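Chemist: Let chain A serve as the given structure and place chain B on it in line with the hints.
The lines below spell out each chain.
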Amino acid sequence: MMSGGPAVRVSIESQCERQVQEVSLDGLETYVPPLSMSQNLAKLAQRIDFDQSSDSEQDGPERESREPWSKPEPEEDEGAVKFQPSLWPWDSVRNNLRGALTEMCVLHDVLSVLKEKKYMALDPVSQDPSVTKTPQVFQLISKKKSLATAAQLLLKGAEKLNKSLAENQEQRRQRDFNSELLRLRSQWKLRKVGDKILGDLSYRSAGSLFPHHGTFEVIKNTDLDLDKKVPDDYCPLSVQIPSDLEGSAYIKVSIQKQSPDIGDLGTVSLFRRQPKAKPASQTWHVKLEAAQNVLLCKEIFAQLSREAVQIKSQIPHIVVKNQIISQPFPGLQLSISLCHSTGEKRSQRASPEKSKPDDHLYVLEHNLHQLIREFHKQTLSSVVMPHPASAPFGHKRLRLAGPMAYDKAEISSLQQSEGLLEKIIKQAKHIFLRSRTARTIDTLASRIEDPQIQAHWSNINDVYESSVKVLITSQGYEQICKSIQLQLNIGVEQIRVVHRDGRVITLSHQEQELQDFLLSQMSQHQVHAVQQLAKVMGWHVLSFSNHVGLGPIESIGNASAITVTSPNGEYTISVRNGPESGCKVLVQFPRSQAKELPKSDVLQDARWTHLRGPYKEVHWSRMEGRNFVYKMELLMAALTPCP
Amino acid sequence: MGVTCVCQVPVAEGKSVQQTVDMLHKKLEQLGAVKQGNFWVDCETYQATGNATGQPTKLLYVMHNSETPLSSMALFEGGPGLTADANFDVLMVKLKSHFQNAKGHKVESRGTRYRYCDFLVKIGTVAMSSSARGISVEVEYCACVIPGDCWNLMKEFMQSFLGSSTPELPAVFTSKAEGLYAPVDCMDTMSQYLELFGKVRKQQVLAGSGVR
Numbered sequence: 001m002m003s004g005g006p007a008v009r010v011s012i013e014s015q016c017e018r019q020v021q022e023v024s025l026d027g028l029e030t031y032v033p034p035l036s037m038s039q040n041l042a043k044l045a046q047r048i049d050f051d052q053s054s055d056s057e058q059d060g061p062e063r064e065s066r067e068p069w070s071k072p073e074p075e076e077d078e079g080a081v082k083f084q085p086s087l088w089p090w091d092s093v094r095n096n097l098r099g100a101l102t103e104m105c106v107l108h109d110v111l112s113v114l115k116e117k118k119y120m121a122l123d124p125v126s127q128d129p130s131v132t133k134t135p136q137v138f139q140l141i142s143k144k145k146s147l148a149t150a151a152q153l154l155l156k157g158a159e160k161l162n163k164s165l166a167e168n169q170e171q172r173r174q175r176d177f178n179s180e181l182l183r184l185r186s187q188w189k190l191r192k193v194g195d196k197i198l199g200d201l202s203y204r205s206a207g208s209l210f211p212h213h214g215t216f217e218v219i220k221n222t223d224l225d226l227d228k229k230v231p232d233d234y235c236p237l238s239v240q241i242p243s244d245l246e247g248s249a250y251i252k253v254s255i256q257k258q259s260p261d262i263g264d265l266g267t268v269s270l271f272r273r274q275p276k277a278k279p280a281s282q283t284w285h286v287k288l289e290a291a292q293n294v295l296l297c298k299e300i301f302a303q304l305s306r307e308a309v310q311i312k313s314q315i316p317h318i319v320v321k322n323q324i325i326s327q328p329f330p331g332l333q334l335s336i337s338l339c340h341s342t343g344e345k346r347s348q349r350a351s352p353e354k355s356k357p358d359d360h361l362y363v364l365e366h367n368l369h370q371l372i373r374e375f376h377k378q379t380l381s382s383v384v385m386p387h388p389a390s391a392p393f394g395h396k397r398l399r400l401a402g403p404m405a406y407d408k409a410e411i412s413s414l415q416q417s418e419g420l421l422e423k424i425i426k427q428a429k430h431i432f433l434r435s436r437t438a439r440t441i442d443t444l445a446s447r448i449e450d451p452q453i454q455a456h457w458s459n460i461n462d463v464y465e466s467s468v469k470v471l472i473t474s475q476g477y478e479q480i481c482k483s484i485q486l487q488l489n490i491g492v493e494q495i496r497v498v499h500r501d502g503r504v505i506t507l508s509h510q511e512q513e514l515q516d517f518l519l520s521q522m523s524q525h526q527v528h529a530v531q532q533l534a535k536v537m538g539w540h541v542l543s544f545s546n547h548v549g550l551g552p553i554e555s556i557g558n559a560s561a562i563t564v565t566s567p568n569g570e571y572t573i574s575v576r577n578g579p580e581s582g583c584k585v586l587v588q589f590p591r592s593q594a595k596e597l598p599k600s601d602v603l604q605d606a607r608w609t610h611l612r613g614p615y616k617e618v619h620w621s622r623m624e625g626r627n628f629v630y631k632m633e634l635l636m637a638a639l640t641p642c643p
Numbered sequence: 001m002g003v004t005c006v007c008q009v010p011v012a013e014g015k016s017v018q019q020t021v022d023m024l025h026k027k028l029e030q031l032g033a034v035k036q037g038n039f040w041v042d043c044e045t046y047q048a049t050g051n052a053t054g055q056p057t058k059l060l061y062v063m064h065n066s067e068t069p070l071s072s073m074a075l076f077e078g079g080p081g082l083t084a085d086a087n088f089d090v091l092m093v094k095l096k097s098h099f100q101n102a103k104g105h106k107v108e109s110r111g112t113r114y115r116y117c118d119f120l121v122k123i124g125t126v127a128m129s130s131s132a133r134g135i136s137v138e139v140e141y142c143a144c145v146i147p148g149d150c151w152n153l154m155k156e157f158m159q160s161f162l163g164s165s166t167p168e169l170p171a172v173f174t175s176k177a178e179g180l181y182a183p184v185d186c187m188d189t190m191s192q193y194l195e196l197f198g199k200v201r202k203q204q205v206l207a208g209s210g211v212r
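Top to bottom, those sequences are chains A and B.
Under the UniProt record's numbering, the first residue of the first sequence carries the number 1, and numbering increases by one thereafter.
Under the UniProt record's numbering, the first residue of the second sequence carries the number 1, and numbering increases by one thereafter.
Please keep in mind that the hints were generated in silico from the structure rather than gathered at the bench.
Every clue listed holds true.
DSS-like, lysine-lysine: derived pairs with alpha carbons at most 25 angstroms apart:
# : chain 1 : residue 1 : chain 2 : residue 2
1 : B       : K35       : A       : K408
2 : B       : K26       : B       : K155
3 : A       : K160      : A       : K144
4 : A       : K616      : A       : K631
5 : A       : K312      : B       : K35
6 : A       : K616      : A       : K595
Residues of chain A placed beyond 12 angstroms of chain B at every Cβ, according to the derived structure:
# : residue
7 : Q452
8 : S508
9 : T640
Keep in mind it's a predicted model, so treat the numbers as computed, not measured.
Built from N, CA and C at the ideal position, the CB exists for glycine as well.
The shape of chain A in the complex, shown without the other chains (with noise of 0.2 angstroms):
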């Protein structure tokens, strides 16, 4: 069969006769003992199958022997064993090996023929036609149903996502509506009634007292259309609050002269300040913040008018509209209005000026706030339990009462019987008491150049006190001529002057009072630089007197004078000085230097001509100097002679 080529070896080996028993550890195999005759007759006695009929049995082994075997066993035990010799262990081999061989013939034969293609050649089978034709009306249609089946797929999946996209954005929304919630709640009151949710924008849980509800409505923003876009400001919730509470409002705290007619009065006051047009869709925290502050003016403004129609005052304060207007001062008008705009515009205007911008007084307003909040805080407290717990309540001061047996004086000082008008009253009159003496002192600091007058105020003031220091001097002389100062202490309806040598002058409110009192002490002062000049320049005082008794009288204050003498004592300078008439020097020549004095007869030594003689008025607006001191110091440094 095989056509040439060198033959292959096939080489076979038996397996190993005997089975490893065991390995041991230094690599000795150990085998398995042989089967014994008896044994391997066992074994093969146990492949015999009984059930089988002994004809096939003994047909089989005749047929078998006759084959060509080359080495029959010869040990083999007839009686008992039919060996079937198709089922010896190599037969499958065989029959695999042979099989093998005829595929490997036919593959060759069939490749040699495609390759030589001397005897046989390769042929395509013609195909039917008429099986392969398909219409094409059923092709298309085909077509159609795949494509529609694949796009309803498709569909049915974008709508899917479409679905579940609207859902989110729907989730987004409600979640959206439930974190303004959360925060809504984080920061007010909230609480269920029924389906709806109110909240308490009013601070009676911080001890107010005043009767509004000030109850607000929690309400879903559900008016937002999903396929236009999402505005910017656009919030899922939104609050209701009440319609008294709407727009914002200040309480204007401002000092004017007094009104002339009192028809005048009843003008409702403007806002000073026009609210820009809010858009309906602000926020609810600030429409919240701004109709709780709506709800605290209108309390102040309520209690305000309370006490001042119950407080029993010399004058009586007027309650109008929404204005209280009181007089701190006589020609002054203290008003307080509460200024509430609901946010429409309006057409009339109720009076034709406006207020100057600056005539509100902030810081009154804001003490206002503050007031009132004190306030709460006192209605609070004292339900707060005392210590120790059988104490009764109020003031803590006030349990000593009992035991060191105050009486109603003392009891009176403790409690604080003022209100709040009373207390914004004093803190108005000490505002504008202080702002006049201040513009008094910059008048007078701006009209009078000799002596200047400096005041430092102090930083650190009190609601009803403030104090500055008040010096006067001499420019170019401050450190000689330093001892007018004067600290004023400002008080809500008093001045206190201290002087720096110890005098303590207590000025009413009036203006000019203050302006006369300045004015003296600068008169007083020239005289005194002077005292000091001399004290410098090596000239004797002979006189001093703060108030002199003679000359004219003055209107302000009084006029003071000083007499000086030179060192040599040649000379003598007077000088007198008054608020109003101001200042008159005059100088004592020695005898021997005047020329009207006649010649007498009674004096006839030469030494009484040493003597000073009389006086002589200088021209002090020809003098020659910047200022009053300066002026002195030269007519002085003239007047003493160079040795």
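Modeler: Okay, now just chain B, sitting in the frame of chain A:
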């Protein structure tokens, strides 16, 4: 708080208590005093129970004064005194078992209060169970707290409107350890009132006839 002197003014002959009080008011107003509201002083008696037998029961007096509206004073006659909070009255209710309230013995003095510069004059009608028994006059000199310094001035002032009914120096001041120069206490005023109320209580038999 100043030096006080409490005295009793006898009812004028042939006149009722009210008329005598009105006379005093008129005198004060002529002097130039200014009316400044009302005043009241009251005294309640409590009997100590559960005492050792043989000893007389101690009487505790709890007094109130409108000048010190938040205080209650408790004192024994001639003995120690205590100034306390207004809650003391509630405490006394709790001590009902130890101190029994003798309700019929409550004495009080009510009247008007006049101010004359540094002097405070209180003229009151002493009443026991709503029947007037006498007149009490309290003069307080607010500028001083040492009785020794101002007793002469007070005496002169009292003479100007009380005339012959001017009292002598109250015993509370002299009985103190430091004498006349110790500062006064509200207890001194209360002791004086207690003395006066005691006198009025003893007088009850006589005074009951001349009133109504």
